[in-house]
Amino acid sequence: MTALAEPETTSVRSPAAAPAVRPRGRAALSAVAAVAAVGLAVLVAGPGTPVRVVAAVAAALAVAELTRRLRTQLYAATELEAQRRDLMTLGQSTAEELEVATRMMRARAQTMTSVIDAVTEQSIIGTDPDGLIRVWNPGAERMLGLPRAEVVRIRTITDFHAPEELAPDALSPADDAARFAALVQVAREHGSDVRDWTYLTADGGRLTVSVAITPRTDDDGEQAGWNFVGTDMTEARAAERLKDQFVSLISHELRTPLSSILGYLELVMDDEEQPLTAEQRQYLATVERNAQRLLRLVGDLLFTAQVDAGRLTLQPEDVDLAGIVRAAEETARVTAATRGVSVRVEVPAGGLVVRGDALRLGQACDNLVSNAVKFTPADGQVTLRLRAGWRAADGTVLDSDAPGAARVALLSVSDTGVGIPTGEQGQLFTSFFRASTARRNAVPGVGLGLTITKAITTAHGGTLDVASAEGRGTTFTLTLPL
Amino acid sequence: MDAPVRVLVADDEEDIRLLVCLAVRKAGCTVVAAVADGAQALRSARAEQPDLVVLDVSMPEATGLEVCTQLRADPATAGCRVLLLSAGASPDDIARGLAAGADAYLPKPFTVAGLVDEVRRLTVGTPA
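Protein chains in written order, with our numbering: chain U, 264 to 745; chain A, 32 to 159.
The shape of chain A in the complex, shown without the other chains (with noise of 0.2 Å):
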């Protein structure tokens, strides 16, 4: 048996940290750490080496996008996967996000469905 796709989750915002946590089980994915602000997200992500790490962007400490440019610049953490959520949904938003490395945006709201099938997408063939 494979062994499980391992998430990181990070949003400041309980509910939805709870609901992102849901939609990753769904998609069949485990979730190594949940946590609430960038410093967290980044002292988890050296410590649990995720295959995908899903970053709210508006997160105290350090934002979504500051921390998924460091975790580029790390090459402990530089093959991750990054999923951004956001409720900034404008093109500006979404440029930015995919500039500081990640690889998939998901605007808020989300639908869990959707958000379920992105994490299956940028999951698909990990852990090697």
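Next up, chain U with everything else stripped away, as it sits in the complex (with noise of 0.2 Å):
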């Protein structure tokens, strides 16, 4: 059977990683094929031949058998070490890119961490779904004063909150999910909420906290939690308390002797038993003046604080725009005449009903009108008109309808005054801001005048524009909505 062994050398030489078949397997196969052989060498050599002949013949059919058995597994195996390297290749390129999808995850996780961590006067935190903390950076450290490892997976965000400020009847450990419903619910409904939360400190302070509530989610866009990022606004908030306390003192403080001056000039200047003189009635005549004018910037002060803290209200009626641009003619007609300027008036003859404040209205037309005269030399003109107009939508005004136009009411203050210099005219709505050529003219004032008319025509949902040249003179124009 030296024949047989044969094979056995042809397997050695094939490739040594090829997934060889097993030894035992290999020989009862050479068995089989060797007894096929040798049949098939009887059939070949025909009976009556030699047994010398049929043993070579059968050796040489069972050598061609396995030669070509052999052939096929060698080609298996080559195929297989083809498919493994390649499998290699792959394997290795994944791990690679697995390497460095890993890295960049590690640094962008690094980064944000870092960039979180770098927050000390912010609080933020996240949540899972459930309110459970999960972020707790150093802000939220610094200002609830307990370390990240007393609270991460330990702590959830309500216990943090002014239990009456979130379901007051949630008492029980039990509500916890009701009193995180609660301080989630605007968030969850418009996908974020900022405001006021009163936040209790470690210490037992409580921080008027300014917190900006959103919605996590992971990668799958699936909610993954909460973020509630705070900034502590106790000293802000109570500063806006003192300075609402401050403009309730002055208005009492300044208006209750501004009364008694008023009052009791008001009982000199109209005693009948003990007239005036011409002189003495001059001589009081300017402090009446003057104290209306004190009274006047006290209003004024009031009038812009309550704006600053968003308490203006409106008391809305019809209200006849001729008749208020009309009244505020009149109460200028005596300062415009000793000035020595004109005041004309153009006026629909039938009204313009707009739906306001008429006492707001009056006095945004007011602060206009007087303005005008106050900024008008000798000889000028001041002139309001009012008439129906069309408010396109990037703010042009114009005299027949377009589409996308607003039907307005157009109220329009001009004068032939001093003007304001192009690059101020940005700022003329500021509180306390005044024109260089106001200064430079000593026109008297202290800026609040054209912040209130811009807040009241603002209330109303009109416009204030204004168009001016130095040295030629300025346009205010008022937009109502008709």
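Keep in mind the hints are simulated off the structure, nothing from the lab. Please read all numbers here as calculations on a predicted model, not as lab measurements. In this text, a Cβ means the ideal position worked out from N, Cα and C, and glycines have one as well. Any given hint might turn out to be false.
Each pair of labels, with its calculated beta carbon distance range [unchecked claim]:
{"id": "1", "chain 1": "A", "residue 1": "122", "chain 2": "U", "residue 2": "458", "range": "21 to 31 Å"}
{"id": "2", "chain 1": "A", "residue 1": "156", "chain 2": "U", "residue 2": "458", "range": "49 to 59 Å"}
{"id": "3", "chain 1": "A", "residue 1": "156", "chain 2": "U", "residue 2": "469", "range": "55 to 65 Å"}
{"id": "4", "chain 1": "U", "residue 1": "586", "chain 2": "A", "residue 2": "46", "range": "36 to 46 Å"}
{"id": "5", "chain 1": "U", "residue 1": "372", "chain 2": "A", "residue 2": "122", "range": "55 to 65 Å"}
{"id": "6", "chain 1": "U", "residue 1": "601", "chain 2": "A", "residue 2": "34", "range": "41 to 51 Å"}
{"id": "7", "chain 1": "U", "residue 1": "690", "chain 2": "A", "residue 2": "77", "range": "52 to 62 Å"}
{"id": "8", "chain 1": "A", "residue 1": "34", "chain 2": "U", "residue 2": "505", "range": "46 to 56 Å"}
{"id": "9", "chain 1": "A", "residue 1": "79", "chain 2": "U", "residue 2": "578", "range": "32 to 42 Å"}
{"id": "10", "chain 1": "U", "residue 1": "520", "chain 2": "A", "residue 2": "56", "range": "20 to 30 Å"}
{"id": "11", "chain 1": "A", "residue 1": "122", "chain 2": "U", "residue 2": "536", "range": "33 to 43 Å"}
{"id": "12", "chain 1": "A", "residue 1": "77", "chain 2": "U", "residue 2": "536", "range": "31 to 41 Å"}
{"id": "13", "chain 1": "A", "residue 1": "46", "chain 2": "U", "residue 2": "690", "range": "36 to 46 Å"}
Two chains, each in its own frame: build the complex with the hints.
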């Protein structure tokens, strides 16, 4: 059976790593092949052929068969080797890619952590969907007085909220979920929520914190939890309250003496039993005028404070703007005449009715007219013009209807006064701003009139625009929706 | 001759209190008491049963609004007229004053002529 040894050798020459047929199986295969080869040799050599010849033929056939099979196996083994190599390469590149991705993720997470950790003035708190805290930055540590290790995965965000602000009736621990639901309700409905909440600190303190609440999603867009970014507003809110108290104090403490001054002045000036000389009357009229000026200033300061605090309320009714314009002209008439400024009024004969607060609209119109008179030199002219028109979406005033334009009442106050430098026109509506032309010409005022007029106009859904050329005059145009 | 209309004046600012008294007299009425705080105003109102009480809103002891509410709650004083004076002139201030039961509300600073008119208006037909 020497011939049978050859396949063994061939087999050994096949690539070492090929998944070779196991030796025991290979021997059995060889035996079967040998028997088949002998059978075949008998058939080939024919009966009666000497045994030696038959054996030789059988051996030759067996070798041929084995060679064929081995070739097939070799081919399969080569194929497998190629596949193994491909898999190895693929595995290697996948591993490399994975490593790069992991490194990038780690770097990104590191960047995020370092950014969050760098925030020390704002609390950044992240929770899971149920409110359990997962992120607690140094800002939160500082604000609420607890280190990260004592909070993350241990406490819920509602532990740090004043309970009365979150479903006041939910007092049992089982209602934690209800409290958390109350906390994120607005953010859940509108996508985000910014408002003041009271945070409870570790040492029992209470802080007024402006908290921005936003949902956090994972890579699949699923809700992964919530973010709470808080800014401590305790001092700012206290300052606002102080300002309110101050304004209210000013209101009382300035109005009360002014009430006395104006009241007693009135008694003296109207005393029929002891009439004043013309000179005395003139002096006291000056006192009265200045007391009224102080009173207006107090009123303006109060009004500005109300606007700043978002407390400007309107008493809307149907208001004829023509009446408002005529009243403003009447109010300014004496001052204008004294200064030698003529005031012209152009209003529609039938009037023009808008929905608004008559008192406030009168105040706005008075401000514009008194400014115009104040800033116009002798022999100048002030024109008050009222008409209906349209206002395009881009703010352009139109005389006729156009697509997208809104019907408005247009009230313009033009003067031939000192004008406002172009570069300063943008600041005109800022509290206490005074144009250089006002200061240069020593025109009295504190810079609140236009701020107030603008606030009133805006509260009515209207607009206030200015067009001015230094040395030639100014036109303020107020529009109100019709 | 009709009995004079009797008025109680309450304001913690002496100058204003005197000014109000002058205006009340100009209106042809009699000042039965002029007091400087809310507690005195209540006591005087119960004792004097005035036709009209002129109350400053911002006063020590009890504010004009509190005095007004208590006057309305007491059958002995519920029928008197009340005029509130206040440095607060916002629509909210006025609404609060009227809600407390005042018949009229005059923001400070008021003119003497305006106060005289208001006192006359509120006391027309009194005393019965």
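Right, here's what the structure says about each hint:
1. At about 27 Å, the beta-carbon gap between residue 122(A) and residue 458(U) stays in the expected band of 21 to 31 Å.
2. Between residue 156(A) and residue 458(U), the C-beta spacing of about 54 Å keeps the proposed range 49 to 59 Å intact.
3. Between residue 156(A) and residue 469(U) the C-beta distance comes to about 56 Å, which sits within the given range of 55 to 65 Å.
4. Distance hint check: the CB atoms of residue 586(U) and residue 46(A) are about 37 Å apart, consistent with the given range 36 to 46 Å.
5. Look at residue 372(U) against residue 122(A): about 57 Å separates their beta carbons, and that is inside 55 to 65 Å.
6. Our hint of 41 to 51 Å for residue 601(U) and residue 34(A) holds, since their Cβ atoms are close to 50 Å apart.
7. Roughly 59 Å separates the CB atoms of residue 690(U) and residue 77(A), a value that falls within the hinted 52 to 62 Å.
8. Taking 46 to 56 Å as the suggested C-beta distance range, the pair residue 34(A) and residue 505(U) conforms, at roughly 51 Å.
9. Distance hint check for residue 79(A) and residue 578(U): the Cβ-Cβ separation is about 37 Å, which falls inside the suggested range of 32 to 42 Å.
10. Roughly 23 Å separates the CB atoms of residue 520(U) and residue 56(A), a value that falls within the hinted 20 to 30 Å.
11. Our hint of 33 to 43 Å for residue 122(A) and residue 536(U) holds, since their Cβ atoms are close to 39 Å apart.
12. At roughly 37 Å, the beta carbons of residue 77(A) and residue 536(U) sit within the given window of 31 to 41 Å.
13. At roughly 41 Å, the beta carbons of residue 46(A) and residue 690(U) sit within the given window of 36 to 46 Å.
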